[in-house]
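Engineer: Letter by letter, the chains look like this.
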Amino acid sequence: MSLNVIKAGISCSVQDLGRFGNQHKGITTGGAMDEYAHRWANKLLGNNPSTPTIELLYGLASFQFTATTSFALTGADLNAQLNGTPIKPWRSYKASKGDTLSFGAARCGLYAYIAMPSLHCPTQLNSAATVTRDRLGGLNTNGTVLQAGDTIQAAQAVSRGTQTPTSLIPAYLQQTNSERLSKQQPQTIEFIPGYQNADFSEQARSTFTSKNYEVANEISRMGYMLNGEAITPPAIEYPSEPIALGSIQITNSGQPIVLMRDKQTVGGYPKIGCISRLSLGKLAQCPPGAQVRFSEISTDEARTKLGAMLSIFEG
Amino acid sequence: MKTFWANETSLCVSVSGQTQLEENELIQWIISHYPSDIAPSLNDVIPAYSSALFIFKDTAVLNQQALKRTSQKLTHWIESTAQHHSTAQVSFGHVDKIIEIPVYYSSDFGLDLPHIAHEKGISISEVITAHQRGSYRVYALGFAPGFAYLGGTPNEISVQRQLTPRANVTKGSVAIANNQAAVYPSDTPGGWNLVGRTPLFDHLQSTEELINIYPIGGSVKFTSITLEEYNQQSAPEYQI
Numbered sequence: 001m002s003l004n005v006i007k008a009g010i011s012c013s014v015q016d017l018g019r020f021g022n023q024h025k026g027i028t029t030g031g032a033m034d035e036y037a038h039r040w041a042n043k044l045l046g047n048n049p050s051t052p053t054i055e056l057l058y059g060l061a062s063f064q065f066t067a068t069t070s071f072a073l074t075g076a077d078l079n080a081q082l083n084g085t086p087i088k089p090w091r092s093y094k095a096s097k098g099d100t101l102s103f104g105a106a107r108c109g110l111y112a113y114i115a116m117p118s119l120h121c122p123t124q125l126n127s128a129a130t131v132t133r134d135r136l137g138g139l140n141t142n143g144t145v146l147q148a149g150d151t152i153q154a155a156q157a158v159s160r161g162t163q164t165p166t167s168l169i170p171a172y173l174q175q176t177n178s179e180r181l182s183k184q185q186p187q188t189i190e191f192i193p194g195y196q197n198a199d200f201s202e203q204a205r206s207t208f209t210s211k212n213y214e215v216a217n218e219i220s221r222m223g224y225m226l227n228g229e230a231i232t233p234p235a236i237e238y239p240s241e242p243i244a245l246g247s248i249q250i251t252n253s254g255q256p257i258v259l260m261r262d263k264q265t266v267g268g269y270p271k272i273g274c275i276s277r278l279s280l281g282k283l284a285q286c287p288p289g290a291q292v293r294f295s296e297i298s299t300d301e302a303r304t305k306l307g308a309m310l311s312i313f314e315g
Numbered sequence: 001m002k003t004f005w006a007n008e009t010s011l012c013v014s015v016s017g018q019t020q021l022e023e024n025e026l027i028q029w030i031i032s033h034y035p036s037d038i039a040p041s042l043n044d045v046i047p048a049y050s051s052a053l054f055i056f057k058d059t060a061v062l063n064q065q066a067l068k069r070t071s072q073k074l075t076h077w078i079e080s081t082a083q084h085h086s087t088a089q090v091s092f093g094h095v096d097k098i099i100e101i102p103v104y105y106s107s108d109f110g111l112d113l114p115h116i117a118h119e120k121g122i123s124i125s126e127v128i129t130a131h132q133r134g135s136y137r138v139y140a141l142g143f144a145p146g147f148a149y150l151g152g153t154p155n156e157i158s159v160q161r162q163l164t165p166r167a168n169v170t171k172g173s174v175a176i177a178n179n180q181a182a183v184y185p186s187d188t189p190g191g192w193n194l195v196g197r198t199p200l201f202d203h204l205q206s207t208e209e210l211i212n213i214y215p216i217g218g219s220v221k222f223t224s225i226t227l228e229e230y231n232q233q234s235a236p237e238y239q240i
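Chains as they are written, first to last, in my numbering: chain A, 1 to 315; chain B, 1 to 240.
It cannot be assumed that every hint is accurate.
Once the Cα atoms are required to be at most 25 angstroms apart in a straight line, the calculated DSS-like pairs of lysine-lysine come out as [stated by the list, open to error]:
(1) Lys43(A) to Lys94(A)
(2) Lys120(B) to Lys305(A)
(3) Lys221(B) to Lys43(A)
(4) Lys43(A) to Lys97(A)
(5) Lys305(A) to Lys68(B)
For the record, the hints were derived by calculation from the structure and aren't laboratory data.
My request is simple: use the sequences and hints to build the entire structure.
Structural biologist: Encoded structure:
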């Protein structure tokens, strides 16, 4: 069976957990911006976590099913409708042949995920993840995002409807974007100090953790720019070094850029640390204008939290 | 030598106190010789000038004691290797391959030639001559597929990167920043100073072709070509 793309909206792409083993050649990993939501979409259908899903940015897209099948929807609330009836994310549903799954504008968060039974997409370098800059991945194996007229192949299977327990749905996806922007309560983003952290002045480090930073309009799968009180970078030129996922670069003008799934593999700006893996998905769901506050976490603590998240999907 | 965890799974190793070339040779030795039984625990190893990132598989966090044992074993091995390197002055990791990159040097493409000449108080033709005199080495690959960090730009033309990156740098642009040189393998934003354009990349399309141009540790030479030669070798859309 297949899912036909009627309207691709802002941007829809095939993603998985990422493309590993080639970063030494400058090939980034790509992968789902909200890994937790991607994993849940697959879990709701009994798929392996590495099965590709369709990642939707912001919505305004529509799809049609060519046969009766189950599908799951997780992540951002993009005002989804199945044949015109509103449906909620973090659940699996049954669609009949000819049914239309359509999305409005983003209500909570930015990235939603559609899983299909054993969704199939060709792989390159062992991953289906779409990375436009690297011209890798996706249905056409050249990094192009989904277009109207594309057909996504999947197995035809109907399973009992399932849903993510409410306690496991992230709190940051239960507040609407407009509530979030009007209340201006900052989201806590946890970070592990590292890289050049010790080279920053005490004042710069204190500014970084005591002030709110606003998500800029310049956000992409590669990086999220933030605006706020300037964090003075060390007056040192560093040789370019390898970039870890979630690295927080401080530019010459003192503003942070958090490097996301399509990060460059090597870079030269000073880094004050890396945000934790769980905070990466949380930040990915923050719309421009949202406030964040950075809070320090130890590597051990961040590992324990990541381990607890991964354990949900083991076995 | 210094090691730290950059995030939950990424161990960063950096070396210091030697010349950039020695540090880079040591890093390249480390990433090609670390104990083979550690490899199955890793997703990626990214080398750069004087540091390398060992990225463990996510499953490693499910057994933190085992992760600490494995990473300690790696760190100890690297420490003893670095010790050996600095005392015995062993030279590591030379690659014989020389890549020759033909460049059309001109202010049409080399938009920053006047700025470099002005800043260094020399003529544009002296900048061009100095750029070709440099002996370059592939220190790291990254930024984008087919982008190599080439060390060896002579001090007499060494200038800082642009304060604000250009929104678009054309594929094939040859650029310098500090003591580094590079060729932009595709149209991307970029902040390095442009000195000319090479037709070498025009006929390479696929990512697989692009990522195999430079061997890490290999040598690179830039040679001047005329506008006529440039137009003969380049793709129609890049000719002038």
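Engineer: What hints, given by number in increasing order, does this structure fail?
Structural biologist: 2 and 3
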